[in-house]
Amino acid sequence: MFSVIALILVIAVAVITMGIAWWSYRRVRSISDFYAAGRQVPWLLIAWALTSNYLSAASFLGVAGGISNFGLDRVWDPIGYFAGWVLVLLVAAEFVRKVGKFTVADILNERFKGATELRALAMIATVIISTFYMIPQMIGAGSLMSLLLNWPYPIAVVIVGAIVVLVVMMGGIRSTVYSQVFQALVLWVAMLLVFLAYLAAFGGPSSIIDNAYKVPPPAVAKKYLSIDQVKPYMPDINTISFNDALKKSLELAKRVIEKHPNIIRMTQPGGFARDIWNQLSLALGIIMGTMGLPHILIYFYTVPRPKDARMGTLGAILNIGFFYIFSIFVGFAAGTALFSLITGWLLEGKAPWAKNMPVVVSGKMLGGEMLMGLAAAGAFAAILSTVGGLMVAATNSVAYDLYANIIKKGRASEEEQLLVARIIAILVGAIAIGGGLVLKGFDVSYLVVLAFGIAASSFATTLIMTLWWKRFTRAGAFASMLVGLVVAVVFVLARLAKMSSLGPLPVLVQPALYSIPASFAAGIIVSYLTSDTGDPEFLKRLHEE
Amino acid sequence: MPIYANIYEKLEYFLYEWIYEGVEAMNRETKLVLSFTIPYLIIYMGMAVLFGGMKKLAGTPIVGGLTVGLLYALLMFPITWGFVVTYVILRNKMEG
Chain A
1 MFSVIALILV IAVAVITMGI AWWSYRRVRS ISDFYAAGRQ VPWLLIAWAL TSNYLSAASF
61 LGVAGGISNF GLDRVWDPIG YFAGWVLVLL VAAEFVRKVG KFTVADILNE RFKGATELRA
121 LAMIATVIIS TFYMIPQMIG AGSLMSLLLN WPYPIAVVIV GAIVVLVVMM GGIRSTVYSQ
181 VFQALVLWVA MLLVFLAYLA AFGGPSSIID NAYKVPPPAV AKKYLSIDQV KPYMPDINTI
241 SFNDALKKSL ELAKRVIEKH PNIIRMTQPG GFARDIWNQL SLALGIIMGT MGLPHILIYF
301 YTVPRPKDAR MGTLGAILNI GFFYIFSIFV GFAAGTALFS LITGWLLEGK APWAKNMPVV
361 VSGKMLGGEM LMGLAAAGAF AAILSTVGGL MVAATNSVAY DLYANIIKKG RASEEEQLLV
421 ARIIAILVGA IAIGGGLVLK GFDVSYLVVL AFGIAASSFA TTLIMTLWWK RFTRAGAFAS
481 MLVGLVVAVV FVLARLAKMS SLGPLPVLVQ PALYSIPASF AAGIIVSYLT SDTGDPEFLK
541 RLHEE
Chain B
1 MPIYANIYEK LEYFLYEWIY EGVEAMNRET KLVLSFTIPY LIIYMGMAVL FGGMKKLAGT
61 PIVGGLTVGL LYALLMFPIT WGFVVTYVIL RNKMEG
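Here the protein sequences come in this chain order: A and B. Here my numbering is used: position 41 in the first sequence is 41, and no number is missing along the way. Here my numbering is used: position 34 in the second sequence is 34, and no number is missing along the way.
Worth flagging that the hints you see were computed from the coordinates, not collected in a lab. Careful: at least some of the hints might be erroneous.
[Said to hold, decoys possible] Label pairs and their calculated CB-CB ranges:
{"hint": "1", "chain 1": "B", "residue 1": "90", "chain 2": "A", "residue 2": "12", "range": "41 to 47 Å"}
{"hint": "2", "chain 1": "B", "residue 1": "78", "chain 2": "A", "residue 2": "16", "range": "30 to 36 Å"}
{"hint": "3", "chain 1": "A", "residue 1": "528", "chain 2": "B", "residue 2": "92", "range": "35 to 41 Å"}
{"hint": "4", "chain 1": "B", "residue 1": "9", "chain 2": "A", "residue 2": "18", "range": "52 to 58 Å"}
{"hint": "5", "chain 1": "B", "residue 1": "35", "chain 2": "A", "residue 2": "541", "range": "19 to 25 Å"}
{"hint": "6", "chain 1": "B", "residue 1": "92", "chain 2": "A", "residue 2": "189", "range": "26 to 32 Å"}
{"hint": "7", "chain 1": "A", "residue 1": "23", "chain 2": "B", "residue 2": "49", "range": "48 to 54 Å"}
{"hint": "8", "chain 1": "A", "residue 1": "426", "chain 2": "B", "residue 2": "28", "range": "44 to 50 Å"}
[As the list claims (entries may be wrong)] Here are some of the chain B residues that sit facing chain A, going by a computed Cβ distance under 8 Å:
{"hint": "9", "residue": "29"}
{"hint": "10", "residue": "36"}
{"hint": "11", "residue": "44"}
{"hint": "12", "residue": "47"}
{"hint": "13", "residue": "49"}
{"hint": "14", "residue": "55"}
{"hint": "15", "residue": "58"}
{"hint": "16", "residue": "62"}
{"hint": "17", "residue": "65"}
{"hint": "18", "residue": "73"}
{"hint": "19", "residue": "75"}
{"hint": "20", "residue": "86"}
{"hint": "21", "residue": "91"}
Even for Gly, the Cβ is constructed at its ideal location relative to N, Cα and C.
Here chain A stands alone, though its shape is the one from the complex (with noise of 0.2 Å):
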């Protein structure tokens, strides 16, 4: 799959990103511009910056993948990760910009005054998401680089690690901020190109949708053949043409579904499925999941108006959704014009091939090499923009919360702040290289859900409680935080264990069924047991128009 085409665009990112925060490195002056940007990005830039922080490599190669590989099933997490937005615009984005000033708990601070303890435990949290959303993006990265490009692993995870820590060290979230723009209309276009070229190819979007019912999901088909059976219907992918692969992967569906009418197609449900209660815990977990990632929440103290974060994240959710639509009819098309191919895949044992690779190869059959490396930029633009983000939720947090504010009581300088906060930097690009490095071949792609969960479960539900009830307590603070994180964890542990229950409770494949009631009735009852409401004016203020 080597292509030089493909080299030179990654490398092209890679250079401008850094460009980009260079340029910005110059403009860093003070604490606030490292850890906020000055406050002073305008929100459509906010907007461009949080679409690529939100958008991972899963979201770029997993969503079509998984789309192509299980059919309609896996429709579902586009959905769920674009709904998320919904709760941030309405319950979050405006009131964090009012109160925040650099990290979350800031915002607890703000209620709460001199609550150290919560202070220390946002922080734990902020740096276990970070972590456990960071490590399985350098796997990926590790993994993507070495199938898209050939490049060794431990080189991929290297690079991709170095650059993101010289960006967060050089200008912090400014410097993160305006690359992640770039990265943002990168990943975005390559995605649009795909489309439009498979709009082109079919004749239309119902064209699309047409061909799919005729074609099972190859993950369920592959129960049905044999690698002997679906070998000359596989096209090599170095001379893919789009026709030759439709026509061969349309003869060979119908051999299926002539010997298995009853199979399941594309566009049915059924090829990855989830009982009820595993959907509502996914469900769950992902919509109040994303207003509580501490990568997404730190975005809106950049922006110079509460005002302008609502905007941001109205252009954030329309850049997602445009992105996730291109994603799902992409998938559809890959699954159905890629049919034989995935199939082959998945019969081979190259899973990571099947589930990570249709839509570069898509690329390369509907538009040379050239779209290929623009869908491989894309992918490289997308792990870089999240890991950014991530680290500098983390650096923040770290350097601010614990060494500025609970180690050294707010009496640090400036200078020694901004120092502290790029050799913590350096610190957390460590972890989550060696992370990277050790993990190696682990499939640790659950650690994201357990991010989503421990973040809907401690963040989200506090910050709710925080933002919006008057009788929300201290203490209420800390115990729905810490239940939420304490259930979160152990169920993710049980999954991780292959338990199938705890208790009389069945382990889902989510947490949050447990762990965002738990969470709730936690601050509820220790809140109506304490007396300790904060600051008597921080609603008034919140709210006031």
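Given chain A's structure and the hints, the job is docking chain B onto it.
Below, chain B without anything else, positioned relative to chain A:
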């Protein structure tokens, strides 16, 4: 329909009272946020129920290859955009 409307109204009133609890400035803001959050969550969780518990219905073709589940999923995009754009317009108006 009136029964559902009544339940919905009561749920909204309960949440409003519980959250509001006398903070004057939160009055209109809370009501606006709740009037968007609750219907959206119902629509969103409805899709989770369809995909998790009503697979046969979700897989029923409507026209060509378009199934009930896929139509619901695709409609989520314009519905979401409609919700957020309307909310932002009303919120901006509220601020003047």
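Structure-based check of all given hints:
1. Restraint check, residue 90 of chain B to residue 12 of chain A: a C-beta distance of roughly 43 Å satisfies the suggested window 41 to 47 Å.
2. A hinted range of 30 to 36 Å for the beta carbons of residue 78 of chain B and residue 16 of chain A is consistent with their spacing of about 34 Å.
3. Roughly 37 Å separates the CB atoms of residue 528 of chain A and residue 92 of chain B, a value that falls within the hinted 35 to 41 Å.
4. A beta carbon spacing of about 56 Å between residue 9 of chain B and residue 18 of chain A agrees with the range 52 to 58 Å that was offered as a hint.
5. For residue 35 of chain B paired with residue 541 of chain A, a C-beta distance near 24 Å keeps the hint of 19 to 25 Å intact.
6. Taking the beta carbon of each, residue 92 of chain B and residue 189 of chain A are about 29 Å apart, inside 26 to 32 Å as hinted.
7. Against the hinted window of 48 to 54 Å, the Cβ-Cβ separation of residue 23 of chain A and residue 49 of chain B comes to about 49 Å, which satisfies the hint.
8. Between residue 426 of chain A and residue 28 of chain B the CB atoms are about 48 Å apart, so this pair conforms to the stated range of 44 to 50 Å.
9. With its C-beta approaching chain A no nearer than about 5 Å, residue 29 of chain B sits inside the 8 Å limit, and its interface hint holds.
10. For residue 36 of chain B, the suggested interface contact is upheld, since its CB lies about 6 Å from the closest CB of chain A, less than 8 Å.
11. Checking residue 44 of chain B against chain A: minimum C-beta separation of about 5 Å stays under 8 Å; hint holds.
12. At about 7 Å, the closest approach between the beta carbon of residue 47 of chain B and any beta carbon in chain A falls short of 8 Å, and the interface hint on this residue holds.
13. Of the supplied interface hints, the one on residue 49 of chain B holds, with its beta-carbon coming within about 7 Å of a beta-carbon of chain A, less than 8 Å.
14. A cut of 8 Å between beta carbons decides the hint on residue 55 of chain B: the least distance to chain A is about 5 Å, and the hint holds.
15. With 8 Å as the threshold, the beta carbon of residue 58 of chain B comes within range of chain A, its nearest partner Cβ sitting at about 5 Å, so the hint holds.
16. Here the hint on residue 62 of chain B is broken, as its CB sits about 10 Å from the closest CB of chain A, past 8 Å.
17. Interface restraint check: residue 65 of chain B against chain A, minimum CB-CB distance 3 Å, threshold 8 Å, status holds.
18. Taking 8 Å as the C-beta cut-off, the interface hint given for residue 73 of chain B holds, the closest approach to chain A being about 5 Å.
19. Look at residue 75 of chain B: its Cβ only gets to about 10 Å from chain A, farther than 8 Å, so that hint breaks.
20. Annotation: residue 86 of chain B was flagged as interfacial toward chain A, and the flag is violated, the nearest CB pair being 11 Å apart, outside 8 Å.
21. Given hint, residue 91 of chain B at the interface with chain A, holds; its Cβ is 6 Å from that chain's nearest Cβ, closer than 8 Å.
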